[in-house]
Amino acid sequence: MCLTIPAKVISLEKDKAMVDFSGKEQKVDTQLVKVRVGDYVMVSNGFIIKKVNKKEAEEILKILKNL
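Oh and the sequence shown: position 59 is 59 in my numbering, straight run, nothing missing.
If you're looking for bench data, these hints aren't it; they were derived computationally from the structure.
Model, not experiment: these values are computed from the prediction.
Warning: the hint list may mix true and false statements.
Said to hold, decoys possible - Taking lysine-lysine pairs in the DSS-like style, the calculated list, with each CA pair at most 25 Å apart, reads:
1) LYS24 <-> LYS14
2) LYS34 <-> LYS8
3) LYS51 <-> LYS62
4) LYS51 <-> LYS24
5) LYS51 <-> LYS14
6) LYS27 <-> LYS50
7) LYS34 <-> LYS55
8) LYS50 <-> LYS65
9) LYS27 <-> LYS14
10) LYS16 <-> LYS34
11) LYS62 <-> LYS27
12) LYS55 <-> LYS8
13) LYS24 <-> LYS8
14) LYS24 <-> LYS55
15) LYS34 <-> LYS14
16) LYS51 <-> LYS27
17) LYS27 <-> LYS65
18) LYS62 <-> LYS14
19) LYS50 <-> LYS62
20) LYS65 <-> LYS55
21) LYS34 <-> LYS65
22) LYS8 <-> LYS62
23) LYS50 <-> LYS34
24) LYS50 <-> LYS14
25) LYS24 <-> LYS50
26) LYS24 <-> LYS34
27) LYS54 <-> LYS24
28) LYS51 <-> LYS65
29) LYS51 <-> LYS34
30) LYS54 <-> LYS27
31) LYS65 <-> LYS24
32) LYS8 <-> LYS54
33) LYS55 <-> LYS27
34) LYS8 <-> LYS65
35) LYS27 <-> LYS8
36) LYS34 <-> LYS54
37) LYS65 <-> LYS14
Can you make the complete structure from the sequences, with help from the hints?
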């Protein structure tokens, strides 16, 4: 089972994005989902698989923090 955590897109370059996972930055692939800087996304195995809104991302992070 994989745990997917929301991240915020902080920069874009070709088919890659730098995302911020609550302070940890990681470069991920954007070929599956079109995104913009500032979008909140779900990442799995180095690929953005879904965009989520800010409220949804915050709710997920709150739940995970309480685990």
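Now for the hints, and whether the structure bears them out:
Taking the CA atoms of LYS24 and LYS14, the gap is near 21 Å; set against the 25 Å cutoff, the hint holds. The suggested pairing of LYS34 with LYS8 holds, with an alpha-carbon distance near 14 Å, which does not exceed 25 Å. Restraint check for LYS51 and LYS62: satisfied, since their Cα atoms lie roughly 18 Å apart, inside the 25 Å limit. Between the alpha carbons of LYS51 and LYS24 the distance comes to roughly 19 Å, so the proposed pair stays at or under 25 Å and holds.
Taking the CA atoms of LYS51 and LYS14, the gap is near 18 Å; set against the 25 Å cutoff, the hint holds. With a C-alpha separation of about 16 Å, the suggested pair LYS27 and LYS50 falls inside the 25 Å cut-off, and the hint holds. For the hint linking LYS34 to LYS55, the alpha-carbon distance of about 20 Å falls within 25 Å, and the restraint holds. Under the criterion of a C-alpha separation no larger than 25 Å, the hint pairing LYS50 with LYS65 is consistent with the structure, at around 21 Å.
With a CA separation close to 12 Å, the supplied pair LYS27 and LYS14 stays within the 25 Å bound. At roughly 11 Å between alpha-carbon atoms, LYS16 and LYS34 fall within 25 Å of each other, so this suggested pair holds. For the given pair, LYS62 sits about 24 Å from LYS27 by alpha-carbon distance, which is consistent with the 25 Å threshold. Of the pairs offered as hints, the one joining LYS55 and LYS8 holds, with about 12 Å between alpha carbons and a cut-off of 25 Å not exceeded.
Distance hint between LYS24 and LYS8 is fulfilled; the C-alpha atoms sit about 10 Å from each other, no more than 25 Å. Straight-line distance between C-alpha atoms of LYS24 and LYS55 comes to about 20 Å, which keeps the hinted pair within the 25 Å bound. For a cut-off of 25 Å, the pair hint linking LYS34 to LYS14 stands: about 11 Å separates their Cα positions. Restraint check for LYS51 and LYS27: the C-alpha separation of about 16 Å stays at or below 25 Å, so the hint holds.
Pair hint LYS27 plus LYS65 holds up; C-alpha atoms about 23 Å apart against a cutoff of 25 Å. Note on LYS62 and LYS14: the hinted pairing is violated, with a Cα-Cα distance of about 32 Å set against a maximum of 25 Å. The hinted pair formed by LYS50 and LYS62 meets the criterion: a straight-line CA distance of about 19 Å does not exceed 25 Å. Taking the CA atoms of LYS65 and LYS55, the gap is about 15 Å. The hint holds against a cut of 25 Å.
Using a Cα cut-off of 25 Å, the hinted pair LYS34 and LYS65 is violated, with the two alpha carbons roughly 28 Å apart. For a cut-off of 25 Å, the pair hint linking LYS8 to LYS62 stands: about 15 Å separates their Cα positions. A hinted pair counts as satisfied when its Cα atoms are at most 25 Å apart, and LYS50 with LYS34 qualifies at roughly 9 Å. Restraint check for LYS50 and LYS14: satisfied, since their Cα atoms lie roughly 18 Å apart, inside the 25 Å limit.
At roughly 19 Å between alpha-carbon atoms, LYS24 and LYS50 fall within 25 Å of each other, so this suggested pair holds. Distance restraint check for LYS24 and LYS34: the Cα-Cα separation of roughly 22 Å lies within the 25 Å cut-off, and the hinted pair is therefore satisfied. This hinted pair checks out: LYS54 and LYS24 have alpha carbons roughly 18 Å apart, not beyond 25 Å. Using a Cα cut-off of 25 Å, the hinted pair LYS51 and LYS65 holds, with the two alpha carbons roughly 21 Å apart.
In summary, the hint linking LYS51 to LYS34 is supported, as the alpha carbons are separated by about 9 Å, within the 25 Å threshold. Note on LYS54 and LYS27: the hinted pairing holds, with a Cα-Cα distance of about 20 Å set against a maximum of 25 Å. For the suggested pair LYS65 and LYS24, the alpha carbons sit about 15 Å apart, so the restraint of at most 25 Å is met. Our distance criterion of 25 Å between C-alpha atoms is met by LYS8 and LYS54, whose separation comes to about 9 Å.
As the CA atoms of LYS55 and LYS27 are separated by approximately 23 Å, the hinted pair is consistent with the 25 Å bound. Between LYS8 and LYS65 the alpha-carbon distance is near 17 Å, which keeps this suggested pair within the 25 Å criterion. Restraint check for LYS27 and LYS8: the C-alpha separation of about 11 Å stays at or below 25 Å, so the hint holds. For the hint pairing LYS34 with LYS54, the CA-to-CA distance comes to about 17 Å; that is within 25 Å, so the pair holds.
Proximity of LYS65 to LYS14 is assessed by CA-CA distance (about 33 Å); at most 25 Å being required, the pair is judged violated.
The earlier numbered hints that this structure contradicts are 18, 21, 37.
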